[in-house]
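Peer 1: Listed here are the chains, written in short residue letters.
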Amino acid sequence: MAGKHEHTHGHDHDHDHDHGHSHGHGHDHDHQHGHSHGHDNDHGHGHSHAAHDHDHDHGHAHPHPHPHAHTAREFQPDEKIHSYYQILGLALKELLLEKKIFTSQELRKAIEARDTITPALGAKIVARAWTDTAFKARLLRDANAACKELGIDVGPTHLVAVENTDTVHNVVVCTLCSCYPRAVLGLPPSWYKSREYRARIVSEPRSVLKEFGTVLPEYMEVRVHDSTADMRYLVLPARPKGTEGMSEDALAALVNRDSMIGVSLADSSAKS
Amino acid sequence: MNVIFQPGQRVRVRDDYPPGHIRTPFYIRGKVGHVTRVFGEFENPERLGMGLPGMPKKTLYEVRFRQADVWPNYNGPVHDTVDVDIYQHWLEKA
Chain A
57 MAGKHEHTHG HDHDHDHDHG HSHGHGHDHD HQHGHSHGHD NDHGHGHSHA
107 AHDHDHDHGH AHPHPHPHAH TAREFQPDEK IHSYYQILGL ALKELLLEKK
157 IFTSQELRKA IEARDTITPA LGAKIVARAW TDTAFKARLL RDANAACKEL
207 GIDVGPTHLV AVENTDTVHN VVVCTLCSCY PRAVLGLPPS WYKSREYRAR
257 IVSEPRSVLK EFGTVLPEYM EVRVHDSTAD MRYLVLPARP KGTEGMSEDA
307 LAALVNRDSM IGVSLADSSA KS
Chain B
3 MNVIFQPGQR VRVRDDYPPG HIRTPFYIRG KVGHVTRVFG EFENPERLGM
53 GLPGMPKKTL YEVRFRQADV WPNYNGPVHD TVDVDIYQHW LEKA
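Protein chains in written order, with the working numbering: chain A, 57 to 328; chain B, 3 to 96.
So that you can see chain A by itself, here it is in the shape it has in the complex (with noise of 0.2 Å):
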């Protein structure tokens, strides 16, 4: 069960998630840290399928057997198995809405404030660093405060800008948890939490990013950072050739969510 994976050191340190919020959404069962789900009471009262797998995206049905038929008219609850750690989610922020630390809306407003953060910001950093050297200098050697300047407030988060040039190609992991700059991309896919992926970036970095599509020449130098600790890393991609002359909104286009991550290169097809 993925809600367990994290633990692997034991403990319940919330490093990654500045607000300590729940998350109330059905794509979020995979997340570590004792994050609960905010806005659905429903457990405890549903049928568990033990062997189910929750760790997909998007909260959508996918067909397993059912060992019993439904009335029509039956209730169907929400498919749900919470791990050891999001019942003390849950439990914890039942207390804190008892004790009044916060309101329910509140962190319903705080949720929502979390999701509208999607990586298109981080594409506006990286156009603009594309666009203006002056900036990316800035950008490389101060991240928090180069966002101020485009009006992103990243939080207590400490980021960090790393360039992909013509020699170097950076991609980003947590193999610890799944530490990622949220603050700026937004949610971590599934597959950047998993164990799988944790693993093999840090051992076998090339066969992965081969497996992403993103074959680097050997002269290249892979250089893989593990965000072991207080820093988060946002990979500044190599602007595509042939973008000369664009806009920066449409050099923003080509900067997909991954190859902020690393796992692969800005789109080379100019869009606009």
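Just so you know, the hints here were simulated from the structure itself, not pulled from any lab data.
Values in this document were obtained by computation on a predicted structure and should not be read as measured data.
Using N, Cα and C, we set each Cβ at its ideal position, and we do this for glycine too.
Hints may be right or wrong, so weigh each one.
[What the hints assert, rightly or not] Okay, the calculated beta carbon distance ranges per label pair: (1) B/Met-3 <-> A/Thr-172: 35 to 43 Å; (2) B/Ile-6 <-> A/Thr-187: 24 to 32 Å; (3) A/Gln-132 <-> B/Arg-49: 17 to 25 Å; (4) B/Met-3 <-> A/Pro-133: 51 to 59 Å; (5) B/Asp-71 <-> A/Thr-187: 33 to 41 Å; (6) B/Ala-96 <-> A/Ile-143: 40 to 48 Å; (7) B/Ile-6 <-> A/Asp-134: 51 to 59 Å; (8) A/Pro-212 <-> B/Gly-22: 48 to 56 Å; (9) A/Phe-191 <-> B/Ala-70: 34 to 42 Å; (10) B/Leu-54 <-> A/Ser-303: 48 to 56 Å; (11) A/Ala-294 <-> B/His-91: 33 to 41 Å; (12) A/Arg-197 <-> B/Met-57: 27 to 35 Å; (13) A/Thr-172 <-> B/Leu-54: 32 to 40 Å; (14) B/Ala-96 <-> A/Leu-144: 23 to 31 Å.
[Said to hold, decoys possible] Here are some, though not all, of the chain A residues that point toward chain B, as calculated from beta-carbon distances under 10 Å: (15) Val-218; (16) Thr-221; (17) Asp-222; (18) Thr-223; (19) Leu-232; (20) Pro-261; (21) Thr-270; (22) Val-271; (23) Glu-274; (24) Val-278; (25) Arg-279; (26) Ala-285; (27) Met-287; (28) Tyr-289.
Fit chain B to the given chain A structure using the hints.
Peer 2: Showing chain B alone in chain A's frame:
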């Protein structure tokens, strides 16, 4: 700020396996690399992880390792690297 290693300096990660919330990955313990950046001082996660105050703060470094030095059977070129963020008390002179 308590900084005892400088960029360029060779360092060895302590080959030590204490219990608790340790943010130095197993695969890098005992390995030798070089400091590439000094990030500053941060609260000690080993204390925070126990629910204790994170003081005194620990200096955090970015340390670069050659993959060939980390993985005996590394299947890429010798210039491939891995950067790991490591707190000062996990590093020693190499």
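Peer 1: If a hint holds in the structure, say so; if it doesn't, say that too.
Peer 2: Hint by hint, here is what the structure shows:
Taking 35 to 43 Å as the suggested C-beta distance range, the pair B/Met-3 and A/Thr-172 conforms, at roughly 36 Å. Under the hint 24 to 32 Å, the C-beta atoms of B/Ile-6 and A/Thr-187, about 41 Å apart, miss the expected range. A C-beta distance of roughly 47 Å is found between A/Gln-132 and B/Arg-49, which places it outside the suggested range of 17 to 25 Å. Range check, B/Met-3 to A/Pro-133: Cβ separation about 54 Å, and the 51 to 59 Å hint holds.
Separation of B/Asp-71 from A/Thr-187 is about 38 Å and conforms to the stated range, judged on CB atoms against 33 to 41 Å. Taken as a hint, the range 40 to 48 Å holds for the pair B/Ala-96 and A/Ile-143, whose Cβ atoms sit roughly 45 Å apart. At about 53 Å, the CB distance of B/Ile-6 to A/Asp-134 agrees with the hint of 51 to 59 Å. One distance hint, 48 to 56 Å for the beta-carbon pair A/Pro-212 and B/Gly-22, is violated here, with the actual separation near 24 Å.
Take A/Phe-191 and B/Ala-70: their Cβ atoms lie about 36 Å apart, and the range 34 to 42 Å holds. Between B/Leu-54 and A/Ser-303 the beta carbon distance is about 51 Å. The supplied range of 48 to 56 Å therefore holds. Hint check: A/Ala-294 to B/His-91, Cβ distance near 37 Å, so the stated range 33 to 41 Å holds. Against the hinted window of 27 to 35 Å, the Cβ-Cβ separation of A/Arg-197 and B/Met-57 comes to about 28 Å, which satisfies the hint.
The supplied range of 32 to 40 Å is met by A/Thr-172 and B/Leu-54, whose beta-carbon atoms lie about 35 Å from each other. At about 41 Å, the CB distance of B/Ala-96 to A/Leu-144 disagrees with the hint of 23 to 31 Å. Restraint check, A/Val-218 versus chain B: the minimum CB separation of about 8 Å is within 10 Å; hint holds. For A/Thr-221, the suggested interface contact is broken, since its CB lies about 13 Å from the closest CB of chain B, more than 10 Å.
Annotation: A/Asp-222 was flagged as interfacial toward chain B, and the flag is violated, the nearest CB pair being 14 Å apart, outside 10 Å. Contact between A/Thr-223 and chain B, as hinted, is supported at the beta carbon level, the nearest pair being about 9 Å apart and thus within 10 Å. Evaluation of the A/Leu-232 hint against chain B yields a held restraint, the C-beta minimum of about 6 Å falling below 10 Å. At a threshold of 10 Å, the smallest CB-CB gap from A/Pro-261 to chain B is about 7 Å, leaving the interface hint in force.
Hint status for A/Thr-270 relative to chain B: violated, with the closest Cβ pair at about 13 Å, above 10 Å. Among the interface hints, the one on A/Val-271 is violated; its C-beta lies about 12 Å from the nearest C-beta in chain B, farther than the 10 Å criterion. Evaluation of the A/Glu-274 hint against chain B yields a held restraint, the C-beta minimum of about 5 Å falling below 10 Å. For A/Val-278, the shortest C-beta to C-beta distance to chain B is roughly 5 Å, which falls under 10 Å, so the interface hint holds.
Hint on A/Arg-279 holds. Least Cβ distance to chain B is approximately 5 Å, under the 10 Å limit. A cut of 10 Å between beta carbons decides the hint on A/Ala-285: the least distance to chain B is about 4 Å, and the hint holds. The beta carbon of A/Met-287 comes within 6 Å of a beta carbon in chain B, closer than 10 Å, and the hint placing it at the interface holds. Look at A/Tyr-289: its Cβ gets to within about 9 Å of chain B, closer than 10 Å, so that hint holds up.
Of the numbered hints stated above, those contradicted by the structure are hints 2, 3, 8, 14, 16, 17, 21, 22, listed in ascending order.
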